[in-house]
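Line by line, the protein sequences give chains B and P.
If you're matching positions, the first sequence starts at -17 in the working numbering and goes up one per residue.
If you're matching positions, the second sequence starts at 332 in the working numbering and goes up one per residue.
Simulated from the structure, these hints should not be mistaken for lab results.
Hints may contain errors.
[To be verified] Covered stretches of chain P, as calculated for chain B (at least 3 residues, CB under 8 Å):
id	region
1	381 to 393
2	396 to 404
3	407 to 418
4	428 to 436
[Unchecked claim] Just a sample of chain B residues kept apart from chain P, beta carbon distances all over 10 Å, derived:
id	residue
5	S9
6	G104
7	L189
[As the list claims (entries may be wrong)] Pulled a few chain B residues facing chain P out of the computed Cβ check, cut under 10 Å:
id	residue
8	T32
9	G36
10	V50
11	G55
12	F243
13	I307
14	F308
15	G318
For glycine and all other residues, C-beta sits at the position ideal for the given N, C-alpha and C.
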Amino acid sequence: MTNPDQKTYTFHVNGMHCRACVILVESELGDVSEISKARASLGDLSVEVTGEFGDKSQDHVANDLSEVLKPHGYTLSLEKQRHSAKWSDFKLAIPISAGFIIFFIILQKLGIVNLINTSNVGYGTAFIIGLIASVSTCMAVVGGLVLSMSANFAKEGDKVRPQILFHVGRLIAFLVLGGAIGALGSAFQLGATGAFILSLVVAIVLLVLGVNLLDVFPWAKRLQPTIPGFIGKRVHGLKNVNHTLTPFLVGVATFFLPCGFTQSMQIYTLSTGNFWTGALIMFTFALGTLPVLSLLSFSSLGIHKSAQSGVFFKTAGLVVIFFGIFNLINALVSAGIIPPIFSF
Amino acid sequence: MIYAGGVNGGGVSVGNGDNVSIVDGKQIISINAKGGYFPRMTIAKAGIPTVIKMNTRGTFDCSAALTIPNLSYRKVLPPSGETLIDVPPQQVGTSMRGLCGMGMYNFTVNFN
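From just these sequences and the hints, can you work out the full model?
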């Protein structure tokens, strides 16, 4: 059945970053009464809509539909907005990220880990060990993940909620899993292969997210890890799922990430033999890591002008890429594949 | 004395042999783990049964998560105490490396 009033227009979608966004754009536009069909494509960042628009001009339709998508951070336009890499942002981003990386290396050289002089771990000590862990090499793993995740969410306009959910997930996991270790008297530990694969995965995720933050290679967006489209199509409010469940689960997963401090706290915890002691020790340890990790996850809140945001995302991208390379090298070194390169 | 090598953060330390002793025909190599491994380099005798004794004292950092790829050894050391690792007699010229879980701290034992 063909309806003579049906018209098909193609618009460019600005701000469509991920596969989840594609489904969101399609489902939001599909809910508009005039539209009978909407198909979005991440490849050329466009959406094709078919519907009865009366005698409205194409420009008018683009404006009307932009209003529908605006709450989600997308706009429609007739002309494709040219992707500009804004290489000039690197003039500031390179020195800032280099400064941060040098600061990180100096911190490791200082031997801050030797500040811990006790072998009896009370809650106060657990908190201090957490504080120290958060500026140790563990920052390259957990901190890198926090920074890349929060910067990527901030890019989609979500600066606060996913970050809070990450920290809630992390604190709950340390409380519950710490208690479990204490009660069971055995810790979850990966074998050599498992640990190698996990570090490799972390390194690759960091590299992909870091390159994505640089925003110079548009193709990198397609590599971004997200919930696969076929699951998303069945879940209503997909962006919400991606922005709530994902950060929460990443927070939970940090309990298992390769970090010497977390591992040795777990070993200590299993010697307590008690659910609540174990739970509270791991919880206060995680609480100790909170100040520095919050600083990383809410750093994007400091951006008010869009001129700064380009520099911020590129700086974050460079730091995250450094952490990715650092993790990659460390994974290869600890598997005995290459000789040590970083040696603190 | 166990901590003669000093548990310190910076500096490269080369064992002067104080950390290697032979007791009842067994070679004992003592290595301190905290904020890295000390001494970083140890010269030991090849061809005799050997034990590496890892000393931890308030060690919560990466150096507690020890791996020795040559031995397929992988363990998180207790925060404080001694951990003994049996090493079968090694051939002359063997270089054995121990690393922390993330790879940025390491020590080497050369068997001559």
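G104(B) and chain P, when compared Cβ to Cβ, separated by more than 10 Å | Fine: 13 Å to the nearest Cβ keeps G104(B) off the interface.
Assertion that chain B covers the region 407 to 418 of chain P - criterion: three or more residues, beta-carbon distance below 8 Å = Since 5 is at least three, the answer is holds.
Does the region 381 to 393 of chain P contain three or more residues whose Cβ lies closer than 8 Å to a Cβ of chain B?
-> As far as the region 381 to 393 of chain P goes, the hint holds, because 6 residues have Cβ atoms under 8 Å from chain B.
Within 8 Å of chain B (C-beta), three or more residues of the region 396 to 404 of chain P = Result for this restraint: holds, n = 5.
T32(B) as an interface hint toward chain P, with CB separation required under 10 Å = Violated, because the Cβ-Cβ distance from T32(B) to chain P comes to roughly 54 Å (cut-off 10 Å).
Counting residues of the region 428 to 436 of chain P whose CB is closer than 8 Å to a CB in chain B, do you get three or more?
-> Check passed, 8 qualifying residues.
With a cut-off of 10 Å on the beta carbons, see whether G318(B) makes it to chain P.
-> G318(B) check passes; min Cβ-Cβ to chain P is 3 Å, inside 10 Å.
Report holds or violated for the interface hint on I307(B), using the least CB-CB distance to chain P and a cut-off of 10 Å.
-> Violated - the Cβ of I307(B) stays beyond 10 Å from chain P, reaching only about 13 Å at its closest.
Could you check if G36(B) really has its C-beta closer than 10 Å to a C-beta on chain P?
-> violated, 63 Å
Could you let me know if the closest chain P CB is still more than 10 Å away from the CB of S9(B)?
-> holds, 43 Å
So, F243(B) near chain P? Judge it on the closest CB pair being under 10 Å.
-> This hint holds: F243(B) lies near chain P, its Cβ roughly 6 Å from the closest one there, short of 10 Å.
May I ask you to test the interface hint for V50(B) with respect to chain P, counting a Cβ-Cβ separation under 10 Å as satisfied?
-> Violated, about 48 Å.
Consistency with the previously given hints fails for numbers 8, 9, 10, 11, 13, ordered from lowest to highest.
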